[in-house]
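Enquirer: Since the structure of chain A is already known, use the hints to place chain B with the ligand on it.
Protein chains: 2
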Amino acid sequence: TSAKPMKETEGVSFVSEIMSTNVVTIEKDASVYKAAKIIMDSEFNHLPVVSKDSSLVGIVTAWDISKAVSQDKFDLVEDMMTRKVITAKTDERVDVVARRLDLKGVSALPVLNKENHVIGIITSDDISKLYARRH
Amino acid sequence: TSAKPMKETEGVSFVSEIMSTNVVTIEKDASVYKAAKIIMDSEFNHLPVVSKDSSLVGIVTAWDISKAVSQDKFDLVEDMMTRKVITAKTDERVDVVARRLDLKGVSALPVLNKENHVIGIITSDDISKLYARRH
Ligand SMILES: C[S@@+](CC[C@H](N)C(=O)[O-])C[C@H]1O[C@@H](n2cnc3c(N)ncnc32)[C@H](O)[C@@H]1O
Chain A
366 TSAKPMKETE
376 GVSFVSEIMS
386 TNVVTIEKDA
396 SVYKAAKIIM
406 DSEFNHLPVV
416 SKDSSLVGIV
426 TAWDISKAVS
436 QDKFDLVEDM
446 MTRKVITAKT
456 DERVDVVARR
466 LDLKGVSALP
476 VLNKENHVIG
486 IITSDDISKL
496 YARRH
Chain B
366 TSAKPMKETE
376 GVSFVSEIMS
386 TNVVTIEKDA
396 SVYKAAKIIM
406 DSEFNHLPVV
416 SKDSSLVGIV
426 TAWDISKAVS
436 QDKFDLVEDM
446 MTRKVITAKT
456 DERVDVVARR
466 LDLKGVSALP
476 VLNKENHVIG
486 IITSDDISKL
496 YARRH
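Heads up: the protein sequence lines correspond to chains A and B, in order. Sequence positions in the first sequence follow UniProt numbering and run 366 to 500. Sequence positions in the second sequence follow UniProt numbering and run 366 to 500.
If you are wondering where the hints come from, they were derived from the structure by calculation, not from laboratory data. Among the hints, a few may not be true.
For chains that are exact copies, the list does not tell them apart, and a pair is met inside one copy or across any two.
Calculated pairs, DSSO-like style, for lysine-lysine (alpha carbon to alpha carbon, straight line, at most 30 Å) [as the list claims (entries may be wrong)]:
| # | residue 1 | residue 2 |
| --- | --- | --- |
| 1 | K449 | K479 |
| 2 | K454 | K417 |
| 3 | K454 | K479 |
| 4 | K454 | K438 |
| 5 | K417 | K399 |
| 6 | K454 | K399 |
| 7 | K393 | K454 |
| 8 | K469 | K479 |
| 9 | K469 | K417 |
| 10 | K393 | K432 |
| 11 | K438 | K479 |
| 12 | K494 | K438 |
| 13 | K417 | K494 |
| 14 | K454 | K402 |
| 15 | K438 | K469 |
The shape of chain A in the complex, shown without the other chains (with noise of 0.2 Å):
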């Protein structure tokens, strides 16, 4: 329980211990059913969208699908993807990153290194597994 406190729920962590490195990306010519398509086969709701040099330029997610079909509008995944993607980086802090997924209102992160090229991405279903093992 809480109550008997253990070194585990005392420690900081990092976005590099609870990342997925298995991230799948997109390319931004791709249509909207290969983006439907891959989020079905991979089971992430988030795709990083990536230009052929492997640099962010988007993301693309089953929501934006979901309001593609709304709007019966059904393009190119740059044009309904979203260009100012929220990132996190490999050494930050849980914490810090849990915050600005509230503020910001999205549920996952690509996570860049130096380069800007993407590798992991950082859920809140990962921060949620994270408070189920320390608590």
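Expert: Just chain B with the ligand now, kept in the frame of chain A:
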């Protein structure tokens, strides 16, 4: 910092304290388009599906709509919803619910009252937010 123990970091949290009560539901004979529209308007990813008497009969998510797109199969909500819904109760501990989310591989649980009516929803976003407050 987490090195300085605070009262707040030690308490046990319950579902009722962090769930959303403004949950939006959908009826099972609604169209996929309607579900997509509600998801877009509400910014929720998860819609509990209820029958005429308000009891829970399924759940439909942005992910399911994305799946429908990838299969080019736009049926009614009842044809695409998940019927075996994992749920939570208001008086459960958040850590217990966080473990259930992880174990079942889902991001949200409808919260039921004693009559099995949906009175809220708890998501990994809510738990991540709680983590942010406590660290
Ligand atoms: C407002 S959120 C609501 C649904 C859910 N919380 C989510 O994150 O998908 C949906 C919108 O946020 C965008 N989005 C998701 N993650 C993002 C991120 N890391 N940076 C910028 N936009 C993001 C999506 O492209 C989508 O248009």
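Enquirer: Would you pick out the hints that fail for this structure and give their numbers low to high?
Expert: 4, 11, 12, 13
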